Amino acid sequence: MPKVKRSRKPPPDGWELIEPTLDELDQKMREAETEPHEGKRKVESLWPIFRIHHQKTRYIFDLFYKRKAISRELYEYCIKEGYADKNLIAKWKKQGYENLCCLRCIQTRDTNFGTNCICRVPKSKLEVVRIFSSGESLNALTVDAEAALGECQTTFEL
Numbered sequence: 246m247p248k249v250k251r252s253r254k255p256p257p258d259g260w261e262l263i264e265p266t267l268d269e270l271d272q273k274m275r276e277a278e279t280e281p282h283e284g285k286r287k288v289e290s291l292w293p294i295f296r297i298h299h300q301k302t303r304y305i306f307d308l309f310y311k312r313k314a315i316s317r318e319l320y321e322y323c324i325k326e327g328y329a330d331k332n333l334i335a336k337w338k339k340q341g342y343e344n345l346c347c348l349r350c351i352q353t354r355d356t357n358f359g360t361n362c363i364c365r366v367p368k369s370k371l372e373v374v375r376i377f378s379s380g381e382s383l384n385a386l387t388v389d390a391e392a393a394l395g396e397c398q399t400t401f402e403l
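In the numbering used here, the protein residues as written are 246 to 403.
Calculated directly from the structure, the hints in this document are not laboratory data. As the structure is a computational prediction, the values presented were derived from the model and not from experiment. From the three backbone atoms N, C-alpha and C, an ideal C-beta is built for every residue, glycine too. A few of these clues could be false.
Calculated pairs, DSS-like style, for lysine-lysine (alpha carbon to alpha carbon, straight line, at most 30 Å) [said to hold, decoys possible]:
1. K273 to K254
2. K254 to K311
3. K313 to K254
4. K313 to K325
5. K273 to K311
6. K311 to K285
7. K325 to K338
8. K325 to K336
9. K325 to K368
10. K254 to K370
11. K338 to K370
12. K338 to K311
13. K285 to K325
14. K339 to K285
15. K339 to K325
16. K285 to K273
Pairwise CB distance ranges (calculated) [claimed, not checked]:
17. P281 to Q340: 39 to 45 Å
18. K285 to D355: 14 to 20 Å
19. D355 to A335: 15 to 21 Å
20. D355 to E326: 35 to 41 Å
21. E264 to S369: 19 to 25 Å
22. E261 to R354: 31 to 37 Å
23. A314 to K254: 29 to 35 Å
24. I324 to P265: 17 to 23 Å
25. R275 to K368: 41 to 47 Å
26. S316 to G359: 26 to 32 Å
27. F358 to P257: 44 to 50 Å
28. Y310 to R354: 39 to 45 Å
29. E276 to E321: 24 to 30 Å
30. A335 to L262: 31 to 37 Å
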């Protein structure tokens with residue numbers, strides 16, 4: 246698969262400090278995309294991709310907003326070049342969405358009853374998950390999203 250064509254504009258100062266981490270995450274993304282998906286449900290095969298996408302975006306978000314380790318110019322360059330998801334970052338800045346794993350969790354059109362993902366419910370208010378006779382849980386498509394993103398709190402050293 247060919248690499249995504251990036252702009253010809255040279256990266257701003259500080260790029261050499263974050264480039265190795267972003268390259269490592271890009272390599273993990275390529276491995277997740279080519280991983281065989283036989284025996285997995287359609288949504289289950291996408292979980293590693295969502296997890297890595299979240300890691301890349303959270304890494305850049307934390308460097309700019311939390312640690313203030315990169316410049317605005319470098320932050321905007323990363324967003325423009327597709328290293329971070331600007332819509333997910335916009336949600337993270339809003340109250341109540343600080344730990345959102347992906348934008349798919351708040352899209353109500355993807356659910357049967359027009360509700361949010363199970364990961365949006367506070368843990369203290371979760372009820373026992375009902376199991377059907379087929380062995381699948383009520384929210385089988387999304388209940389494991391939190392487990393799939395369990396590594397999303399990984400921190401990177403600059």
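Evaluation of the provided hints:
no.	hint	result
1	K273 to K254	holds (25 Å)
2	K254 to K311	holds (27 Å)
3	K313 to K254	holds (24 Å)
4	K313 to K325	holds (19 Å)
5	K273 to K311	holds (25 Å)
6	K311 to K285	violated (37 Å)
7	K325 to K338	holds (18 Å)
8	K325 to K336	holds (18 Å)
9	K325 to K368	violated (35 Å)
10	K254 to K370	violated (49 Å)
11	K338 to K370	holds (24 Å)
12	K338 to K311	holds (11 Å)
13	K285 to K325	violated (33 Å)
14	K339 to K285	violated (34 Å)
15	K339 to K325	holds (21 Å)
16	K285 to K273	holds (19 Å)
17	P281 to Q340: 39 to 45 Å	holds (41 Å)
18	K285 to D355: 14 to 20 Å	holds (18 Å)
19	D355 to A335: 15 to 21 Å	holds (20 Å)
20	D355 to E326: 35 to 41 Å	violated (28 Å)
21	E264 to S369: 19 to 25 Å	violated (41 Å)
22	E261 to R354: 31 to 37 Å	violated (42 Å)
23	A314 to K254: 29 to 35 Å	violated (22 Å)
24	I324 to P265: 17 to 23 Å	holds (19 Å)
25	R275 to K368: 41 to 47 Å	violated (34 Å)
26	S316 to G359: 26 to 32 Å	violated (42 Å)
27	F358 to P257: 44 to 50 Å	holds (46 Å)
28	Y310 to R354: 39 to 45 Å	violated (29 Å)
29	E276 to E321: 24 to 30 Å	holds (28 Å)
30	A335 to L262: 31 to 37 Å	violated (25 Å)
This entry does not satisfy hints 6, 9, 10, 13, 14, 20, 21, 22, 23, 25, 26, 28 and 30, going by the numbered hints stated previously.
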